[in-house]
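These protein sequences, in sequence, are chains A and B. Note that the numbering used here has the first sequence beginning at 375, numbered continuously upward. Note that the numbering used here has the second sequence beginning at 375, numbered continuously upward.
These are calculated hints, taken from the structure and not from any lab test. Heads up, the beta-carbon is just placed ideally off N, CA and C, and yes, glycines get one too. Treat the hints with care, since some could be wrong.
[Stated by the list, open to error] Label pairs and their computed distance ranges (CB to CB): (1) 539/A to 516/B: 18 to 28 Å; (2) 562/A to 561/B: 21 to 31 Å; (3) 590/B to 678/A: 32 to 42 Å; (4) 538/A to 516/B: 21 to 31 Å.
Number of protein chains: 2
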Amino acid sequence: MLYATHQLLGERGLAVYYVGIDLGGTNIVAGVLDEDYRMIGRAAIKTAMPRPAKEIIADMARAIVQATENAGVFLDNVDSIGIGTPGSVDRETGTVMYAGNLNFSNVRIVDEMRAILHKERIFLENDANAAAAGEYYAGHGRGKRSFMQITLGTGIGGGVISDGRMLIGFNGAGGELGHTVIVENGEQCTCGRKGCFEAYASATALIRQTKAAMMSDPASKMWEIAGGLDRVDGRTPFDAAGSGDPTAREVVKQYLRYVACGITNMINIFQPEVLCIGGGICNQGDNLLLPIKQMVSLENFARNCNRQTDIKISSLGNDAGIIGAALLCKLA
Amino acid sequence: MLYATHQLLGERGLAVYYVGIDLGGTNIVAGVLDEDYRMIGRAAIKTAMPRPAKEIIADMARAIVQATENAGVFLDNVDSIGIGTPGSVDRETGTVMYAGNLNFSNVRIVDEMRAILHKERIFLENDANAAAAGEYYAGHGRGKRSFMQITLGTGIGGGVISDGRMLIGFNGAGGELGHTVIVENGEQCTCGRKGCFEAYASATALIRQTKAAMMSDPASKMWEIAGGLDRVDGRTPFDAAGSGDPTAREVVKQYLRYVACGITNMINIFQPEVLCIGGGICNQGDNLLLPIKQMVSLENFARNCNRQTDIKISSLGNDAGIIGAALLCKLA
Chain A
375 MLYATHQLLG
385 ERGLAVYYVG
395 IDLGGTNIVA
405 GVLDEDYRMI
415 GRAAIKTAMP
425 RPAKEIIADM
435 ARAIVQATEN
445 AGVFLDNVDS
455 IGIGTPGSVD
465 RETGTVMYAG
475 NLNFSNVRIV
485 DEMRAILHKE
495 RIFLENDANA
505 AAAGEYYAGH
515 GRGKRSFMQI
525 TLGTGIGGGV
535 ISDGRMLIGF
545 NGAGGELGHT
555 VIVENGEQCT
565 CGRKGCFEAY
575 ASATALIRQT
585 KAAMMSDPAS
595 KMWEIAGGLD
605 RVDGRTPFDA
615 AGSGDPTARE
625 VVKQYLRYVA
635 CGITNMINIF
645 QPEVLCIGGG
655 ICNQGDNLLL
665 PIKQMVSLEN
675 FARNCNRQTD
685 IKISSLGNDA
695 GIIGAALLCK
705 LA
Chain B
375 MLYATHQLLG
385 ERGLAVYYVG
395 IDLGGTNIVA
405 GVLDEDYRMI
415 GRAAIKTAMP
425 RPAKEIIADM
435 ARAIVQATEN
445 AGVFLDNVDS
455 IGIGTPGSVD
465 RETGTVMYAG
475 NLNFSNVRIV
485 DEMRAILHKE
495 RIFLENDANA
505 AAAGEYYAGH
515 GRGKRSFMQI
525 TLGTGIGGGV
535 ISDGRMLIGF
545 NGAGGELGHT
555 VIVENGEQCT
565 CGRKGCFEAY
575 ASATALIRQT
585 KAAMMSDPAS
595 KMWEIAGGLD
605 RVDGRTPFDA
615 AGSGDPTARE
625 VVKQYLRYVA
635 CGITNMINIF
645 QPEVLCIGGG
655 ICNQGDNLLL
665 PIKQMVSLEN
675 FARNCNRQTD
685 IKISSLGNDA
695 GIIGAALLCK
705 LA
């Protein structure tokens with residue numbers, strides 16, 4: 375009889391699986407992890423904005439079913455489902471309070487998913503925190519007691535986890551590492567403050583800095599490499615610096631100073647065992663990592679300690695969000 | 375027989391007491407707390423620098439014995455002893471790694487105290503963290519889940535505690551809130567970085583800013599109020615601003631901007647239930663607190679949340695360090 379039940383559950387029966395969803399403005403991606411946190415199946419559906427929240431949630435459920443089918447896993451064997459969303463969340467009620475690029479306002483996403491999928495254990499988290507959870511449980515944070523992730527993207531997202539607990543603050547709004555001022559009264563930030571880490575060290579900030587430098591130097595190779603001001607991206611100054619352009623070198627040098635400044639701030643506060651840097655800029659590899667490590671090692675308060683924070687580039691890349699969402703159930 | 379034992383233990387016998395020491399460059403102060411964390415006895419001995427660590431430690435033990443006598447408590451009834459020290463500590467080995475103003479370097483202070491007092495439970499902590507623990511257990515943090523203290527003194531000390539756990543980082547060097555840059559490439563800080571919160575918002579920084587403003591305005595009332603450049607202290611600009619001096623008002627306004635900038639940074643990261651401001655500057659009361667609350671309420675990331683961090687002035691004043699040292703045993 376036991377054998378028969380096992381057959382019924384399929385080849386992967388009796389084991390436990392975790393499902394994560396990375397809900398983005400462009401794609402809804404669902405992934406299934408096995409007990410070793412390896413991704414064994416996935417599915418993606420276009421978010422296709424603008425459309426009502428109800429339709430998006432229905433497609434999230436569809437993506438989950440497809441991903442489990444692709445993984446050869448029954449939904450009954452899924453321990454829990456985690457959702458990583460942009461914007462601000464209320465974890466207790468499973469509500470997306472506000473997410474601008476999804477046009478979500480007070481969407482009770484967890485209850486609606488429960489109603490469709492008949493699964494009780496559904497967790498909700500901000501996407502930056504979900505990515506940090508992914509790296510903590512399945513990447514460079516594995517087995518470490520304290521960990522933080524800083525993602526240099528359109529904005530700067532962050533997540534701090536120690537002993538399996540995510541830093542969210544008493545009102546759930548904590549962990550906004552990007553919205554710490556590093557240049558008092560500096561560049562306007564989207565959050566309303568002036569001079570935030572995000573306004574100097576995000577990919578968006580790098581693009582702004584690159585364009586300003588190009589405007590001041592019509593002879594810079596960056597013009598040719600980018601193919602015009604509107605086509606500048608985060609790679610432009612790095613590529614031009616690599617080919618010896620002095621203006622680009624200066625842009626990259628100052629940008630890395632800003633990144634190192636914010637990272638040193640975070641290390642002086644948290645002294646995590648591992649700090650991971652994520653985001654598209656990480657494609658620069660050692661061109662990014664080595665100068666930052668060098669600056670941090672000269673400046674951080676614990677520079678004479680035996681034990682120093684290990685700074686690494688995120689190992690999970692774009693999958694961090696899905697993997698982390700799937701593992702939200704592990705957080706204390 | 376039980377009665378006789380009780381007599382032997384003295385009037386306060388059978389109860390549990392906590393002893394804390396605030397070890398400073400000028401005074402060694404010991405205090406005894408009862409079970410309600412009230413100070414029921416204290417004693418002070420001059421640190422009388424320079425002299426060897428051994429002598430200072432012997433006087434710390436003497437101060438403890440005197441304080442218990444003043445409290446009418448037997449040392450046997452003391453649950454534990456806590457030591458708050460300047461500088462950096464290794465909590466596990468009970469060692470003061472380095473404390474410049476005590477001329478301590480790798481002093482195994484806990485072992486030496488154990489040998490003199492024959493008490494096993496002796497805890498060691500950095501003085502800023504000890505002060506935070508005091509306010510957390512016996513002041514405005516009582517009963518709160520998450521708490522932080524920022525002390526604006528000669529430097530800026532900080533302590534972050536949530537769920538009874540102090541933020542110290544994996545190497546014990548964390549929680550250096552004062553050594554986070556708020557003005558990239560700004561004023562030189564004692565830590566080696568440029569532009570730290572401490573270099574702009576400590577009492578030392580305020581005095582520097584005040585002197586610079588006086589030099590640029592020979593007609594400022596600050597000259598008369600201070601009685602000379604060498605006699606400027608943290609009260610000078612506040613007193614002069616109160617009497618209508620425009621230059622002093624500008625100094626105070628900009629100083630409060632720096633303080634609010636650093637505090638908003640910390641709130642955006644931690645969103646603690648309560649944030650306490652300590653240090654001598656707190657004597658300014660609402661002249662300090664109200665403008666800071668105003669600026670934080672306009673700028674912090676959670677300004678639209680239902681629940682906001684409550685910003686308060688430390689309730690324990692100079693006793694925070696002794697009380698907190700006594701309660702180090704409570705930390706998880």
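Original post:
Cβ-Cβ distance between residue 590/B and residue 678/A: within 32 to 42 Å?
Top reply: Holds: the Cβ-Cβ distance is about 38 Å, inside 32 to 42 Å.
Subject >> residue 516/B and residue 538/A - C-beta distance against the hinted 21 to 31 Å >> reply: 27 Å, holds
**OP:** Could you see if the CB distance from residue 562/A to residue 561/B stays within 21 to 31 Å?
**Re:** With a Cβ separation near 24 Å, residue 562/A and residue 561/B satisfy 21 to 31 Å, so the hint holds.
Original post:
Would you say the C-beta atoms of residue 539/A and residue 516/B sit inside 18 to 28 Å of each other?
Top reply: With a Cβ separation near 22 Å, residue 539/A and residue 516/B satisfy 18 to 28 Å, so the hint holds.
Hint compliance for this structure: every hint is met.
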